[in-house]
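Colleague: These are the residues of each chain, in order.
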Amino acid sequence: ADLEVTHWWTAGGEAAAAKVLAESFNKLGGDKWVDGAIAGSGSTATPIIVSRILGGNPMGATQLNTGRDAEDLVKAGLMTDLTEIATKEGWADFIRPSKLFDACKYEGKIYCVPVNIHTEQWMWVNPAAFKAGGVSVPANWQEFVAAGPKLKEKDIIPLATGDAWQVNLIFNDMVSSIGGKELFLKVYRDKDAVAAASPEMKAVFEAYAQARELADPGYVGRSWNEATSLVISGKASAQIMGDWAQGEFGVAGKVAGTDYDCLLGLGNNPVLNTGGDAFYFPKNENPEVTKAQLKLASMMVSKQTQVAFNLAKGSLPIRGDVDLAAANACMKKGVEVLNKLDNVVPSVNQLLSPDTKLEVEDLSKEFFADASMTVEDAQARFVSIIEQAQ
Amino acid sequence: MSHAARPNTLFKNLNAKVAAVPMIATVLIVFIGCTLWTVVLSFTSSRSLPELTFVGFDQYTRLFNTPRWNVSAINLGIFGVFTLVFSTVIGFILAALMDQKIRFEGAFRTVFLYPYALSFIVTGLVWQWILTPTFGIQRVVRDLGFETFTFSILNDQRFAIYAVVIAGLWHGTGLVMALMLAGLRGIDEDIWKASRVDGIPIWKTYLFIVIPMMRPVFITTIVLVSTGIVRVYDLVVALTGGGPGNASEVPAKYVYEFMFRRANLGQGLAASTIMLTTVLIIIIPWALMEYRGGKRK
Amino acid sequence: MTAINTISTEPHGRRPTRTFTPAKIMIYGVLAVAALYYVLPLYVMIVTSLKGMPEIRLGNIFSPPVEITFQPWSTAWTSACTGLYCEGLKVGFWNSVQILIPSVIISILIASVNGYALANWRFKGSEIFFSVLLFGAFIPYQVMLYPLVIITRELRIFGTLTGIIVIHTIFGMPILTLLFRNYFASLPTELFKAARVDGAGFWRIFFQIMVPLSAPIFIVAVIIQVTGIWNDFLLGVIFAGSKNIPMTVQLNNIVNSTQGVKEYNVNMAATILTGAVPLLVYFFSGKYFVRGIAAGAVKG
Amino acid sequence: MVFQSYALYPQMTVEKNLSFGLRVAGLPKAQIQQRIANAADILQLEPLLQRKPAALSGGQRQRVAIGRALVRDVDVFLFDEPLSNLDAKLRSELRVEIKRLHHKLANTMIYVTHDQIEALTLADRIAVMKGGLIQQLDEPLTIYNKPRNLFVASFIGSPAMNFLRGKITGANQDKAFTAADLTVSLATYDAQEPLTNERDVIFGFRPEHITINDKPGPAGLSCEATVDLDEPMGADSLVWLTVAGKPISVRVDSSRRYLPGEKVHLNFNPAMASLFDATTENRV
Amino acid sequence: MVFQSYALYPQMTVEKNLSFGLRVAGLPKAQIQQRIANAADILQLEPLLQRKPAALSGGQRQRVAIGRALVRDVDVFLFDEPLSNLDAKLRSELRVEIKRLHHKLANTMIYVTHDQIEALTLADRIAVMKGGLIQQLDEPLTIYNKPRNLFVASFIGSPAMNFLRGKITGANQDKAFTAADLTVSLATYDAQEPLTNERDVIFGFRPEHITINDKPGPAGLSCEATVDLDEPMGADSLVWLTVAGKPISVRVDSSRRYLPGEKVHLNFNPAMASLFDATTENRV
Ligand SMILES: Nc1ncnc2c1ncn2[C@@H]1O[C@H](COP(=O)(O)OP(=O)(O)OP(=O)(O)O)[C@@H](O)[C@H]1O
Ligand SMILES: Nc1ncnc2c1ncn2[C@@H]1O[C@H](COP(=O)(O)OP(=O)(O)OP(=O)(O)O)[C@@H](O)[C@H]1O
Ligand SMILES: [Mg+2]
Ligand SMILES: [Mg+2]
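Chains as they are written, first to last, in the numbering used here: chain A, 7 to 396; chain B, 15 to 311; chain C, 80 to 379; chain D, 2 to 285; chain E, 2 to 285.
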């Protein structure tokens with residue numbers, strides 16, 4: 007049967023990764039991957055995907071952020087139950103970290119397939135740009151801030167970023183990297199208002215305020231891969247972005263460690279979250295489609311697919327048992343942290359409801375855009391968001 | 015009209031009633047039904063899916079305590095006032111100029127009207143290109159040698175909403191011009207002659223005689239423009255995406271986002287209800303005016 | 080009949096003269112400046128779409144192309160990528176046509192019958208329905224979206240061609256009905272009465288007497304619907320279903336799926352191509368639009 | 002039924018306009034043809050059959066509208082102010098045509114009009130209506146000469162009837178109408194009820210029922226008056242004078258002009274006058 | 002200048018309408034007041050000053066329009082069909098008022114109208130225009146009685162002048178007009194040029210210049226005719242007859258009714274008739 011798959015992977019590296027999935031699926035024979043890419047980002051695509059599922063015209067499979075995005079849909083019984091195949095193939099045994107897999111569970115049943123691990127706490131830097139600015143490549147956030155003015159003098163954008171979720175990503179990264187793992191968990195997992203009001207959190211906001219100074223005004227309306235290409239071309243020196251940025255570096259033929267480098271946890275606290283992309287399979291009336299869905303699900307977690315896909319996407323595989331010989335320097339750094347598990351935290355998507363998550367995003371992007379907003383004001387609002395979070 | 019039906023027979027005007035079934039269904043199911051549904055569920059804690067857990071005015075309390083909503087509402091006000099004032103004024107001036115027996119009237123009319131044919135998405139994209147500082151007007155002027163020239167309203171959260179106004183005016187003023195032109199052409203030419211004979215300067219004639227006479231046209235225009243203002247969405251999405259920060263957010267976007275993306279239907283519907291109420295507040299005075307107007311005719 | 084179209088679209092009085100007085104020069108000056116503001120974006124779109132990428136990076140957006148290339152146009156039409164497919168806009172174009180034609184015809188048909196019933200065959204409650212319908216003209220789409228998803232789901236037309244046609248018909252109904260009602264009401268009532276005396280019924284009067292007299296308002300309705308439906312993004316993306324993705328959605332996909340660098344020229348070409356249909360409609364029938372607006376909107 | 006605004010279907014030719022009702026009724030083609038030919042013949046529409054209404058003059062349009070009623074072969078015609086939208090010249094022409102048609106068809110026609118000339122010239126009987134009530138239903142000349150009440154009197158006739166408000170005075174057979182310094186004997190007036198003394202009445206007389214003389218006429222039927230204005234209307238003139246402090250108009254032959262301020266004498270003809278009760282406004 | 006469509010400013014009260022031009026001209030308040038009071042007095046507008054035009058009747062509106070011209074204290078008034086949009090009754094009333102106003106102000110008024118009754122009653126001199134050319138400029142009665150050409154003759158007068166096409170026949174002093182079996186002596190006709198024999202002419206005579214008798218009149222001035230129709234118009238009737246195969250109308254007193262088909266005799270009065278050359282259409 008034709009299996010329509012919706013996702014928002016339209017940037018270069020992402021599209022290449024999607025192609026891997028499509029081709030592998032088509033190769034299995036019998037069924038066909040019908041690509042339903044929706045350009046923009048999750049914010050454009052999610053409403054369309056959700057409304058289609060609600061509207062009773064579900065696609066065969068769809069990308070959704072693991073976490074609570076899909077929870078209500080699962081609750082309403084709109085998603086295919088994958089428990090059977092998951093048990094049969096023993097997914098629980100090889101998917102790591104297990105928290106990632108937990109996100110797919112609802113009342114003990116499995117409803118989604120995680121396809122990769124995305125880690126977000128990265129600062130991508132272009133050494134050549136720092137050299138051109140007459141400063142050494144920074145080792146951590148503080149050094150980077152110090153280098154800012156010199157870079158600006160040379161007309162190099164210190165920090166390339168884009169609107170909305172991209173600046174929010176910077177903020178959340180800072181909570182774990184500047185504030186540390188403890189703070190991150192207290193605030194986001196425990197919804198601890200006291201922690202949110204703490205001096206540590208204030209430091210996070212202060213760092214975030216510094217980031218605001220280091221970005222160029224052109225960030226408005228810029229997409230993340232445009233920002234990445236600014237770093238690639240040396241027009242900007244750094245970008246704080248998830249590991250998917252590596253896909254772009256890869257497409258541009260750049261080599262990690264030489265052409266570009268990465269600061270895990272902004273060089274401060276090497277904490278990684280384990281978010282990622284996951285696929286859901288909305289319930290379908292056609293049994294052929296259901297069969298195809300299960301086939302796709304099983305294929306997605308297979309070793310072969312995992313390697314090829316994650317290399318293209320720049321993310322980490324969900325299996326601990328795959329060979330990562332082909333992985334680059336930065337990926338290896340990530341795998342190291344992941345293997346230790348100490349410094350792994352759940353992703354914000356898993357901890358916060360979409361509502362709270364986007365409240366935080368609203369605050370962080372407003373703060374980023376409005377230089378006159380003080381750290382105190384922002385923190386006060388942050389506290390009230392955390393207080394009301396559910 | 016004297017052929018109003020006797021009300022008591024169901025089968026009188028049967029054909030008319032049958033023909034009006036689609037309209038009646040639309041009205042009852044879509045407009046009334048959906049509105050009621052919206053209002054009722056705005057008092058619940060519905061998340062992704064509608065559920066009937068009533069929480070009183072909680073959603074409204076939260077709504078009015080959300081900075082983003084307040085910014086959206088203020089933005090809608092700013093956008094609304096500026097769009098209304100400028101599109102009416104500019105539209106009228108253009109129409110008045112076009113009415114001066116000029117040559118190339120058709121060409122000018124086409125030029126002023128064509129943006130209306132383009133979608134807000136296209137409008138937003140084009141103006142984004144033009145207003146982007148790294149690329150558009152600012153860069154062009156700087157390249158001309160004015161190194162310090164700054165025109166970056168798109169990236170300044172104080173002015174981003176005015177970028178939306180500029181693009182919106184570009185899109186919609188042509189229609190206003192067309193309406194005004196039609197209105198001007200409907201004015202008895204003798205009025206012009208009379209005011210000439212009275213020795214009244216042209217601008218005074220416009221101000222004190224023609225504009226008051228065009229009241230119905232102005233009302234139509236204002237109503238039309240207002241409907242567009244309340245539902246402004248695509249333009250913001252394409253032009254600023256609501257940014258920088260939340261600086262150019264608008265209510266329609268708030269509603270849409272809460273319904274489908276934040277999985278907080280209750281909150282989205284509370285915002286919808288407020289929007290619907292606003293619309294009613296706009297319409298009712300107009301409807302009353304029209305009613306009286308109808309009697310006067 | 081003289082009662083129809085009493086508002087002329089011609090200016091009053093004598094034809095324009097060739098003499099240029101200072102006042103005339105000022106009028107033309109102001110109009111020219113205004114026109115500049117209006118054409119500028121179109122100009123930017125066109126010149127950019129004709130430039131190659133290197134030239135775009137070097138020059139400014141207002142400079143004319145040094146070397147004209149039509150590559151971006153053909154790319155946009157046939158091979159621009161969205162996701163895995165690189166088929167350009169043409170698929171979306173045909174989808175849009177497929178949505179457009181039945182939607183325009185059905186929505187206008189229904190709205191004109193509504194307008195006719197409301198203007199000439201008022202029945203008990205018809206005015207109330209009309210008032211509510213008008214209120215519907217003001218309701219932001221976003222507000223109705225969720226319930227409409229549910230309604231179309233229950234009708235089992237969600238995500239189908241039928242679904243999107245129904246949705247366009249519903250959203251087009253208020254304003255079109257208003258236009259038609261006002262127009263039919265402005266026709267002399269005696270005409271209707273005469274046809275009644277001649278023994279004609281509801282449909283015969285409509286098709287044989289009213290419709291042939293209503294060319295101006297039908298033209299306006301077609302213009303409004305063609306541009307409105309063609310330009311629609313939100314409804315198309317949600318209700319049309321993946322097989323019927325309209326052109327605007329594809330445009331958005333192309334513009335927003337950047338592969339490496341943003342191909343501004345392709346984006347602009349795609350934008351112009353997408354806007355071409357409504358633009359052509361306006362260029363060729365703008366005059367009727369103004370005239371029809373006068374007949375349907377201003378008078379009412 | 003024929004409408005004031007013709008109500009022709011603008012998109013159809015004259016022929017189509019005429020045949021529409023018949024086609025709706027499903028008459029056989031041949032019969033339709035024959036009826037149209039007949040109507041076209043009566044109304045001289047043959048040369049116009051293929052034209053559209055827009056290409057017709059007002060009078061031709063109204064003829065087509067009449068034709069549309071004609072082909073339907075009805076017993077009663079209803080004309081609703083059919084000539085109001087025509088200019089004076091056409092109006093008088095078409096009026097004659099309608100009268101001819103009436104004579105030829107000899108069927109009932111109900112003709113609504115605001116124009117009293119039309120009413121007077123066309124009607125066998127006129128019903129004057131006011132506020133939905135018939136004021137008088139009579140033959141035209143009766144309505145003109147013996148209006149039953151003040152409304153009918155003032156409505157019919159152009160230039161309008163003159164009215165003077167006054168009292169009835171005088172002995173038994175010698176009743177007279179008195180207003181200020183004017184006294185007119187009512188000896189020849191054909192009263193419908195006894196003329197009681199001191200009764201408040203309105204004395205009405207049409208402009209053509211007074212003559213102007215240079216010398217005083219018989220006592221009790223004549224008075225002096227001052228010329229106010231002289232309106233020559235071609236065949237005759239309307240002279241406005243002041244009598245008993247009120248302006249009245251008199252229709253005279255236009256061969257003699259009167260100057261404002263000139264003193265003249267008026268002769269009344271009470272036999273042609275009307276007398277109305279001042280309170281009920283009915284004829285006495 | 003006073004316009005056919007009144008051209009009042011609809012959103013202003015009558016007072017504002019009157020004063021707007023003066024205020025723009027910057028006249029002192031007191032003077033504006035005084036002029037308005039004056040105009041309002043002349044036109045009896047006082048009770049209406051605070052109303053808006055929409056709340057006025059047609060005649061009142063036109064009075065305000067006249068008032069607007071009046072307050073400007075001009076030497077020449079230009080009226081452009083001021084009464085065309087009014088109904089017959091109002092028209093005749095306002096006509097008289099304008100005439101009074103003219104007498105009172107005694108300044109020049111140029112009055113454009115399509116209505117010949119207005120022209121005849123109001124004018125000191127009438128210019129009849131056609132296609133932008135003046136056809137005749139004369140006093141009203143001259144225009145009426147001695148129209149200079151066929152256009153003027155047919156344009157002025159209602160019911161219209163009758164025309165018969167024929168030839169001039171007869172000996173020197175005994176010229177006559179002949180058409181079919183009709184011969185009318187032209188002995189008393191005041192010709193402006195020699196009447197040559199066999200010349201094609203059009204003989205025009207007004208309906209009121211013919212009398213109907215039951216017996217034949219003097220030879221050469223009388224003929225037999227058949228009654229076609231009788232249109233009673235109140236004071237008088239218009240009788241349509243057929244003479245020399247052509248329909249003509251005759252105005253008679255309405256006291257006698259004529260039946261269609263009745264044979265009567267007509268008496269002509271050539272002194273009041275007009276004769277036009279059939280080709281140049283000018284009066285001979
Ligand atoms: N019996 C009635 N009951 C209620 N309304 C009525 C009645 N008769 C007439 N009307 C109303 O009065 C108004 C005028 O009616 P109509 O047009 O019949 O008047 P008319 O005498 O023909 O006027 P005109 O002389 O201008 O033609 C209309 O609006 C009509 O609806
Ligand atoms: N001298 C002229 N040159 C060119 N066009 C003219 C001239 N005079 C008049 N016209 C045109 O002729 C048309 C009719 O003119 P106008 O309104 O003055 O006619 P009118 O005699 O007043 O008609 P009506 O009797 O209907 O009032 C107008 O469109 C006007 O522009
Ligand atoms: Mg009527
Ligand atoms: Mg004129």
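These are computed hints drawn from the structure, not numbers from a lab.
Check before you lean on any hint, since a few could be wrong.
Unchecked claim - No farther apart than 20 angstroms at their CA atoms in a straight line, the calculated lysine to any residue pairs in the SDA-like style are these: (1) LYS207(B) with PRO261(E); (2) LYS218(B) with THR58(B); (3) LYS115(B) with ILE185(C); (4) LYS203(C) with PRO215(B); (5) LYS272(C) with VAL25(D); (6) LYS289(A) with ARG283(C); (7) LYS158(A) with THR162(B); (8) LYS247(D) with ILE43(E); (9) LYS218(B) with LYS131(E); (10) LYS147(E) with ASP237(D); (11) LYS17(D) with ARG275(C); (12) LYS100(E) with LYS105(D); (13) LYS339(A) with GLY273(A); (14) LYS30(D) with ARG283(C); (15) LYS218(B) with VAL25(E); (16) LYS207(B) with GLY22(E); (17) LYS289(A) with ILE106(C); (18) LYS81(A) with LEU66(B); (19) LYS207(B) with VAL25(E); (20) LYS105(D) with ILE43(E); (21) LYS115(A) with GLY273(A); (22) LYS103(C) with PRO215(B); (23) LYS90(D) with LYS131(E); (24) LYS147(E) with SER256(D); (25) LYS90(D) with GLY22(E); (26) LYS272(C) with ARG257(D); (27) LYS241(A) with GLU134(C).
These numbers were taken from a predicted model, which means no experiment stands behind them.
Colleague: Now, for every hint given, state plainly whether the structure supports it.
Modeller: Okay, the hints, checked on the actual structure:
1. Restraint check for LYS207(B) and PRO261(E): the C-alpha separation of about 53 angstroms exceeds 20 angstroms, so the hint is violated.
2. Restraint check for LYS218(B) and THR58(B): not satisfied, since their Cα atoms lie roughly 56 angstroms apart, outside the 20 angstroms limit.
3. A threshold of 20 angstroms between alpha carbons decides the hint, and for LYS115(B) with ILE185(C) the separation of about 40 angstroms lies outside it, so the pair is violated.
4. For the hint linking LYS203(C) to PRO215(B), the alpha-carbon distance of about 51 angstroms lies beyond 20 angstroms, and the restraint is violated.
5. Taking the CA atoms of LYS272(C) and VAL25(D), the gap is about 15 angstroms. The hint holds against a cut of 20 angstroms.
6. This hinted pair does not check out: LYS289(A) and ARG283(C) have alpha carbons roughly 50 angstroms apart, beyond 20 angstroms.
7. Restraint check: the Cα-Cα separation between LYS158(A) and THR162(B) comes to about 16 angstroms, which is no more than 20 angstroms; the hinted pair holds.
8. A C-alpha spacing of about 18 angstroms is found between LYS247(D) and ILE43(E), which places the hinted pair at or below 20 angstroms, so the restraint holds.
9. Between the alpha carbons of LYS218(B) and LYS131(E) the distance comes to roughly 38 angstroms, so the proposed pair goes past 20 angstroms and is violated.
10. With a CA separation close to 15 angstroms, the supplied pair LYS147(E) and ASP237(D) stays within the 20 angstroms bound.
11. For the suggested pair LYS17(D) and ARG275(C), the alpha carbons sit about 16 angstroms apart, so the restraint of at most 20 angstroms is met.
12. The hinted pair formed by LYS100(E) and LYS105(D) fails the criterion: a straight-line CA distance of about 45 angstroms is larger than 20 angstroms.
13. Between LYS339(A) and GLY273(A), the direct Cα distance comes to roughly 12 angstroms. Compliance with the 20 angstroms bound is thereby established for this hinted pair.
14. About 19 angstroms separates the Cα atoms of LYS30(D) and ARG283(C), which keeps this hinted pair within 20 angstroms; it holds.
15. Straight-line distance between C-alpha atoms of LYS218(B) and VAL25(E) comes to about 9 angstroms, which keeps the hinted pair within the 20 angstroms bound.
16. With a CA separation close to 13 angstroms, the supplied pair LYS207(B) and GLY22(E) stays within the 20 angstroms bound.
17. For the hint pairing LYS289(A) with ILE106(C), the CA-to-CA distance comes to about 65 angstroms; that exceeds 20 angstroms, so the pair is violated.
18. Note on LYS81(A) and LEU66(B): the hinted pairing holds, with a Cα-Cα distance of about 15 angstroms set against a maximum of 20 angstroms.
19. A hinted pair counts as satisfied when its Cα atoms are at most 20 angstroms apart, and LYS207(B) with VAL25(E) qualifies at roughly 16 angstroms.
20. For a cut-off of 20 angstroms, the pair hint linking LYS105(D) to ILE43(E) is broken: about 53 angstroms separates their Cα positions.
21. For the proposed pair LYS115(A) and GLY273(A), the alpha carbon gap of about 39 angstroms is over 20 angstroms, so the pair is violated.
22. With a C-alpha separation of about 16 angstroms, the suggested pair LYS103(C) and PRO215(B) falls inside the 20 angstroms cut-off, and the hint holds.
23. Of the supplied pair hints, the one linking LYS90(D) and LYS131(E) holds, its CA atoms being roughly 16 angstroms apart against a limit of 20 angstroms.
24. Pair hint LYS147(E) plus SER256(D) holds up; C-alpha atoms about 13 angstroms apart against a cutoff of 20 angstroms.
25. Distance restraint check for LYS90(D) and GLY22(E): the Cα-Cα separation of roughly 39 angstroms exceeds the 20 angstroms cut-off, and the hinted pair is therefore not satisfied.
26. Proximity of LYS272(C) to ARG257(D) is assessed by CA-CA distance (about 52 angstroms); at most 20 angstroms being required, the pair is judged violated.
27. Between LYS241(A) and GLU134(C), the direct Cα distance comes to roughly 18 angstroms. Compliance with the 20 angstroms bound is thereby established for this hinted pair.
In this structure, the earlier hints numbered 1, 2, 3, 4, 6, 9, 12, 17, 20, 21, 25 and 26 are contradicted, and the remaining ones agree with it.
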